[in-house]
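What follows is each chain in one-letter form.
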Amino acid sequence: MNQTKIITAASELGRNVLEHGLGGDVHIERVQRQEKIGLRMTFTDSGPGIENVNLALTDGYTSKNGLGLGLTGSKRLMDEFELTSIPGQGTTVSVTKWK
Amino acid sequence: MDRIPILKLGDKLLVTIQVDFHDRVALALQEDLTEKILSAGAKGVLIDISALEMVDSFMGRVLGNIAKASRLLDCETVLVGMQPAIAITITELGIALQGIHTALNAEGGMALLERLIKAKSNRGRTANASKIAGRPPNLQRG
Ligand SMILES: Nc1ncnc2c1ncn2[C@@H]1O[C@H](COP(=O)(O)OP(=O)(O)O)[C@@H](O)[C@H]1O
Ligand SMILES: [Mg+2]
Chain R
30 MNQTKIITAA SELGRNVLEH GLGGDVHIER VQRQEKIGLR MTFTDSGPGI
80 ENVNLALTDG YTSKNGLGLG LTGSKRLMDE FELTSIPGQG TTVSVTKWK
Chain F
21 MDRIPILKLG DKLLVTIQVD FHDRVALALQ EDLTEKILSA GAKGVLIDIS
71 ALEMVDSFMG RVLGNIAKAS RLLDCETVLV GMQPAIAITI TELGIALQGI
121 HTALNAEGGM ALLERLIKAK SNRGRTANAS KIAGRPPNLQ RG
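For the record, the sequence lines run as chains R and F. In terms of the working numbering, the numbers along the first sequence are unbroken and rise by one, the last being 128. In terms of the working numbering, the numbers along the second sequence are unbroken and rise by one, the last being 162.
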């Protein structure tokens, strides 16, 4: 179950890197916090960045012709979600799923 | 370019989606299917997605568009074989897949298509009958 959620979130965020971020990197790591272990995926690009993060994090908002569910959906599928974006410089989205 | 084969079975079309459902393959299927519906005069399409390990919002949109376009061509779409983990995941993702009929397996899907096609031709007949009787079709319901 977790696996399906993780690969779906990876597909959404990877798609964003390619579609909106003009290409970038993904970094996958095993993380540990106290007794918990988990998987963290970090997607980084140096594309146009996101002007209005709140808007981008609204269900159904898309600046192209997507469904606008990639960011909000990934946030729901994963346990932790962190987005940092600097307009003109790029975007980093980091998501974690605990076992 | 890789394309997904579309099999004709009477008045229905059968599509089995393979594991490598890349974006271009998905878009090609959307195109091929609408053409085939017209050329074959198909009344129903069965799409088997049991080989898929994931459905993201792009694939969800393509499947939704296929169903919508088919409907405009007077053809019903039934999606079969969705893995439970995918059902839960796409619900959480927020994909509605509205207007798409589903069945657990190909057999159930075929039976559902049969019923949908039959119900539609019956409705058509009732509507015509009421036209002759000079009454609007919606008064016939209930
Ligand atoms: N890596 C990124 N770089 C720039 N903008 C992005 C990035 N990821 C998302 N966005 C912006 O956030 C919006 C919402 O993203 P998302 O929820 O994935 O929906 P969609 O991709 O369907 O448009 C995008 O339309 C885009 O404007
Ligand atoms: Mg997206």
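To be clear, the hints were calculated from the coordinates, so they are not data collected in a lab. Just so it is clear, CB atoms sit at the ideal spot from N, CA and C, and this is done for glycine as well. Certain hints may be false.
Label-pair restraints from in silico Cβ distances [what the hints assert, rightly or not]:
{"no.": "1", "chain 1": "F", "residue 1": "Asn142", "chain 2": "R", "residue 2": "Ser75", "range": "54 to 64 Å"}
{"no.": "2", "chain 1": "F", "residue 1": "Pro104", "chain 2": "R", "residue 2": "Asp108", "range": "16 to 26 Å"}
{"no.": "3", "chain 1": "R", "residue 1": "Ile57", "chain 2": "F", "residue 2": "Lys28", "range": "39 to 49 Å"}
{"no.": "4", "chain 1": "R", "residue 1": "Pro116", "chain 2": "F", "residue 2": "Ala105", "range": "29 to 39 Å"}
{"no.": "5", "chain 1": "R", "residue 1": "Leu51", "chain 2": "F", "residue 2": "Glu112", "range": "27 to 37 Å"}
{"no.": "6", "chain 1": "F", "residue 1": "Lys138", "chain 2": "R", "residue 2": "His56", "range": "46 to 56 Å"}
Over the 12 Å line for every Cβ pair with chain R, so calculated as not near, a few chain F residues [claimed, not checked]:
{"no.": "7", "residue": "Asp22"}
{"no.": "8", "residue": "Ser77"}
{"no.": "9", "residue": "Gln103"}
{"no.": "10", "residue": "Ile106"}
{"no.": "11", "residue": "Thr109"}
{"no.": "12", "residue": "Ile137"}
{"no.": "13", "residue": "Ser141"}
{"no.": "14", "residue": "Arg145"}
Within a straight-line C-alpha distance of at most 25 Å, the following computed DMTMM-like cross-link-like pairs (lysine to aspartate or glutamate) qualify [what the hints assert, rightly or not]:
{"no.": "15", "chain 1": "F", "residue 1": "Lys88", "chain 2": "F", "residue 2": "Glu112"}
{"no.": "16", "chain 1": "F", "residue 1": "Lys140", "chain 2": "F", "residue 2": "Asp94"}
{"no.": "17", "chain 1": "F", "residue 1": "Lys140", "chain 2": "F", "residue 2": "Glu73"}
{"no.": "18", "chain 1": "F", "residue 1": "Lys140", "chain 2": "F", "residue 2": "Asp22"}
{"no.": "19", "chain 1": "R", "residue 1": "Lys65", "chain 2": "R", "residue 2": "Glu80"}
{"no.": "20", "chain 1": "F", "residue 1": "Lys56", "chain 2": "F", "residue 2": "Asp31"}
{"no.": "21", "chain 1": "R", "residue 1": "Lys65", "chain 2": "F", "residue 2": "Glu112"}
{"no.": "22", "chain 1": "R", "residue 1": "Lys128", "chain 2": "F", "residue 2": "Glu73"}
{"no.": "23", "chain 1": "F", "residue 1": "Lys56", "chain 2": "F", "residue 2": "Glu112"}
{"no.": "24", "chain 1": "R", "residue 1": "Lys126", "chain 2": "R", "residue 2": "Asp88"}
{"no.": "25", "chain 1": "R", "residue 1": "Lys104", "chain 2": "F", "residue 2": "Asp43"}
{"no.": "26", "chain 1": "R", "residue 1": "Lys128", "chain 2": "F", "residue 2": "Glu112"}
{"no.": "27", "chain 1": "R", "residue 1": "Lys126", "chain 2": "R", "residue 2": "Asp108"}
{"no.": "28", "chain 1": "R", "residue 1": "Lys104", "chain 2": "F", "residue 2": "Glu73"}
{"no.": "29", "chain 1": "R", "residue 1": "Lys93", "chain 2": "F", "residue 2": "Glu51"}
{"no.": "30", "chain 1": "F", "residue 1": "Lys88", "chain 2": "F", "residue 2": "Glu55"}
{"no.": "31", "chain 1": "R", "residue 1": "Lys126", "chain 2": "R", "residue 2": "Glu58"}
{"no.": "32", "chain 1": "R", "residue 1": "Lys126", "chain 2": "F", "residue 2": "Glu73"}
{"no.": "33", "chain 1": "F", "residue 1": "Lys56", "chain 2": "F", "residue 2": "Asp94"}
{"no.": "34", "chain 1": "R", "residue 1": "Lys104", "chain 2": "F", "residue 2": "Glu112"}
{"no.": "35", "chain 1": "F", "residue 1": "Lys88", "chain 2": "F", "residue 2": "Asp22"}
{"no.": "36", "chain 1": "F", "residue 1": "Lys28", "chain 2": "F", "residue 2": "Glu127"}
{"no.": "37", "chain 1": "R", "residue 1": "Lys128", "chain 2": "R", "residue 2": "Glu58"}
{"no.": "38", "chain 1": "R", "residue 1": "Lys93", "chain 2": "F", "residue 2": "Asp43"}
{"no.": "39", "chain 1": "R", "residue 1": "Lys126", "chain 2": "R", "residue 2": "Glu111"}
{"no.": "40", "chain 1": "R", "residue 1": "Lys126", "chain 2": "F", "residue 2": "Glu127"}
Now for the hints, and whether the structure bears them out:
1. Asn142/F <-> Ser75/R: 54 to 64 Å: holds, 60 Å
2. Pro104/F <-> Asp108/R: 16 to 26 Å: Given range 16 to 26 Å: holds, Cβ gap about 21 Å.
3. Ile57/R <-> Lys28/F: 39 to 49 Å: Hint holds: Cβ distance 43 Å, inside 39 to 49 Å.
4. Pro116/R <-> Ala105/F: 29 to 39 Å: Holds: the Cβ-Cβ distance is about 37 Å, inside 29 to 39 Å.
5. Leu51/R <-> Glu112/F: 27 to 37 Å: Cβ of Leu51/R to Cβ of Glu112/F: about 28 Å, so the range 27 to 37 Å holds.
6. Lys138/F <-> His56/R: 46 to 56 Å: Since Lys138/F and His56/R have Cβ atoms about 54 Å apart, the given range 46 to 56 Å holds.
7. Asp22: holds, 19 Å
8. Ser77: violated, 4 Å
9. Gln103: Non-interface label on Gln103/F violated, nearest chain R Cβ at 8 Å vs cutoff 12 Å.
10. Ile106: It is violated; Ile106/F is separated from chain R by about 6 Å at its closest Cβ, not greater than 12 Å.
11. Thr109: violated, 5 Å
12. Ile137: Holds, since 30 Å exceeds 12 Å.
13. Ser141: Non-interface label on Ser141/F holds, nearest chain R Cβ at 34 Å vs cutoff 12 Å.
14. Arg145: Its Cβ never comes within 12 Å of chain R, the nearest being 38 Å, so this holds.
15. Lys88/F <-> Glu112/F: Holds, at about 22 Å.
16. Lys140/F <-> Asp94/F: holds, 9 Å
17. Lys140/F <-> Glu73/F: violated, 33 Å
18. Lys140/F <-> Asp22/F: Between Lys140/F and Asp22/F the Cα gap is close to 35 Å, so the pair fails against 25 Å, i.e. violated.
19. Lys65/R <-> Glu80/R: Violated. Lys65/R to Glu80/R sits at ~35 Å, over the 25 Å cutoff.
20. Lys56/F <-> Asp31/F: holds, 11 Å
21. Lys65/R <-> Glu112/F: At roughly 23 Å apart (the allowed maximum being 25 Å), Glu112/F and Lys65/R satisfy the hint.
22. Lys128/R <-> Glu73/F: holds, 20 Å
23. Lys56/F <-> Glu112/F: violated, 33 Å
24. Lys126/R <-> Asp88/R: holds, 21 Å
25. Lys104/R <-> Asp43/F: Holds, because 23 Å separates the two Cα atoms, which is no more than 25 Å.
26. Lys128/R <-> Glu112/F: Cα-Cα ~18 Å, so holds.
27. Lys126/R <-> Asp108/R: The given pair, whose Cα atoms are some 5 Å apart, holds under the 25 Å limit.
28. Lys104/R <-> Glu73/F: With Cα atoms ~20 Å apart, Lys104/R and Glu73/F stay inside 25 Å; holds.
29. Lys93/R <-> Glu51/F: holds, 21 Å
30. Lys88/F <-> Glu55/F: Given pair Lys88/F, Glu55/F holds - Cα atoms ~14 Å apart, limit 25 Å.
31. Lys126/R <-> Glu58/R: holds, 11 Å
32. Lys126/R <-> Glu73/F: holds, 18 Å
33. Lys56/F <-> Asp94/F: holds, 13 Å
34. Lys104/R <-> Glu112/F: Distance of about 10 Å is within 25 Å: holds.
35. Lys88/F <-> Asp22/F: holds, 24 Å
36. Lys28/F <-> Glu127/F: holds, 16 Å
37. Lys128/R <-> Glu58/R: holds, 13 Å
38. Lys93/R <-> Asp43/F: Within the cut-off at roughly 16 Å; holds.
39. Lys126/R <-> Glu111/R: Since the Cα atoms of Lys126/R and Glu111/R sit roughly 12 Å apart, the hinted pair holds (cutoff 25 Å).
40. Lys126/R <-> Glu127/F: violated, 37 Å
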